[in-house]
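Novice: Produce the entire structure from the sequences given, and follow the hints as far as they go.
Residue numbers (this note's numbering): 1 to 154.
Hints listed in this document are in silico derivations from the structure and should not be mistaken for laboratory results.
In silico DSSO-like cross-links for lysine-lysine, where the CA-CA straight-line distance does not exceed 27 Å:
1) 29 - 53
2) 53 - 69
3) 38 - 71
4) 147 - 38
5) 43 - 145
6) 71 - 29
7) 53 - 71
In this text the structure is predicted, and so the values were computed from the model without any measurement.
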Amino acid sequence: MNLYVVRHGYADNTSPDSQRALTDEGRQKLIKMIPQWKSYIPKIDIIFTSPYKRAYQTAQVIHKGFNVKEKLLEDNELQPGFIPSNFIATLSSLEYEDIMVVGHMPDVSDLVAELTSPMSFGFPFAPGTLAAIEFEGRVRIGAGKLKLFLPEGK
1 MNLYVVRHGY
11 ADNTSPDSQR
21 ALTDEGRQKL
31 IKMIPQWKSY
41 IPKIDIIFTS
51 PYKRAYQTAQ
61 VIHKGFNVKE
71 KLLEDNELQP
81 GFIPSNFIAT
91 LSSLEYEDIM
101 VVGHMPDVSD
111 LVAELTSPMS
121 FGFPFAPGTL
131 AAIEFEGRVR
141 IGAGKLKLFL
151 PEGK
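Specialist: Rendered as structure tokens:
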């Protein structure tokens, strides 16, 4: 099973936190990254996203760019401040092979750290960063292998 973890793209700082939208530049950077991501990610079966506007908009760009068949899923568990172990339980129950999660810092960093090594430190997720984690079987704490860590624009 493959899990792709993305931090939302660049967003404005003028709205309340849950309503902060992607900037035009942030949206364009994401659109330009999709072809590069496709060279590493053959397909995405389903995308889970935080309901916050900037994360949802990021997920929409990716959903369209990868032509994901399943409906985009907003999950309140992915709001800023979520507890990775709670969401890991959700992920481990899924039958999909290629799953993407779009969220916020420091949560995405903590999620990747917990999945790849319970003793590791967080990862520096700038906006638009992608991490790819591979699992033998289902998602489990500490069982993932970090296959790719691609900062935005790299």
